Amino acid sequence: ELKVEQNPLFLSMQEGKNYTIYCNYSTTSDRLYWYRQDPGKSLESLFVLLSNGAVKQEGRLMASLDTKARLSTLHITAAVHDLSATYFCAVDGYGNKLVFGAGTILRVKS
Amino acid sequence: EPEVTQTPSHQVTQMGQEVILRCVPISNHLYFYWYRQILGQKVEFLVSFYNNEISEKSEIFDDQFSVERPDGSNFTLKIRSTKLEDSAMYFCASTDRTVMNTEAFFGQGTRLTVV
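Here the protein sequences come in this chain order: A and B. Sequential numbering from 1 applies to the first sequence in the numbering used here. Sequential numbering from 1 applies to the second sequence in the numbering used here.
It should be emphasised that the hints constitute simulated quantities derived from the structure, not laboratory data. If you're wondering where the values come from, they're calculated on a predicted model, not measured in any experiment. The C-beta atom is built at its ideal place from N, Cα and C for all residues, glycine as well.
In silico lysine-lysine, DSSO-like type, Cα no more than 30 Å apart, as pairs:
| no. | chain 1 | residue 1 | chain 2 | residue 2 |
| --- | --- | --- | --- | --- |
| 1 | A | LYS3 | B | LYS83 |
| 2 | A | LYS68 | A | LYS3 |
| 3 | A | LYS17 | B | LYS42 |
| 4 | A | LYS3 | B | LYS78 |
| 5 | A | LYS41 | B | LYS57 |
| 6 | A | LYS68 | B | LYS57 |
| 7 | B | LYS57 | B | LYS78 |
| 8 | B | LYS42 | A | LYS3 |
| 9 | A | LYS68 | B | LYS42 |
| 10 | B | LYS42 | A | LYS56 |
| 11 | B | LYS78 | A | LYS41 |
| 12 | A | LYS3 | B | LYS57 |
Some chain A residues flagged as far from chain B (calculated, every beta-carbon gap over 10 Å):
| no. | residue |
| --- | --- |
| 13 | ASN7 |
| 14 | PRO8 |
| 15 | THR27 |
| 16 | GLY53 |
| 17 | GLU58 |
| 18 | HIS75 |
| 19 | ARG107 |
| 20 | LYS109 |
| 21 | SER110 |
Pair by pair, the computed Cβ-Cβ distance ranges are:
| no. | chain 1 | residue 1 | chain 2 | residue 2 | range |
| --- | --- | --- | --- | --- | --- |
| 22 | A | GLY53 | B | TYR50 | 27 to 33 Å |
| 23 | B | GLN17 | A | ASN18 | 47 to 53 Å |
| 24 | B | MET15 | A | LEU9 | 27 to 33 Å |
| 25 | A | HIS81 | B | ASP71 | 42 to 48 Å |
| 26 | A | HIS75 | B | GLU18 | 45 to 51 Å |
| 27 | B | ASP71 | A | GLY16 | 48 to 54 Å |
| 28 | B | THR13 | A | LEU71 | 37 to 43 Å |
| 29 | B | ASN52 | A | LYS56 | 30 to 36 Å |
| 30 | B | LEU39 | A | MET62 | 27 to 33 Å |
| 31 | A | PRO8 | B | LYS83 | 28 to 34 Å |
| 32 | B | LEU84 | A | GLU1 | 24 to 30 Å |
I would like the entire structure built from these sequences, with the hints used as guidance.
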């Protein structure tokens, strides 16, 4: 059974600082997704990572995928308050479904 | 930009009542899903649907749940006899898995409150 673990589960950071969220998964998969969720809202797609070594960047966020290590990272550069949200990674499991991590609650303090 | 739409946005129902949550997936997508998120918890897969039948379902998706695509555009989730623990945000999603990018697009969710 595919398991997806994120850490940390809660991250409080100062504006301007850098940090990384980690997503580990237990079985082979070549497809991993990062989503952002604001309180009470839906899931906004951030990144789609489809192969080993994939790296994508959008603004202050950069995501990477290492399928051999079964690890994805979401790196935050020079955090700003607007990045405060919950971030989920999700892995494309066999059987045509996404398996989500527990989510990382990010709070950026000014 | 095409999007997945869900109705209603919020539904309050009494325990034991039937509810139907509605979704209109993106028009050229072929795979449809329901996920749920209990408040403060992670998103959990319920069921996937392709070619007018269920392709996979989770342990959560028991006999109280059913899905249907009654016409060419709607995709519904029915809960026959709601329980308090069914209170959650329910998300519909759709994908086009015929292309490399199998990104799932999520609707805005229906918040179900069972009282």
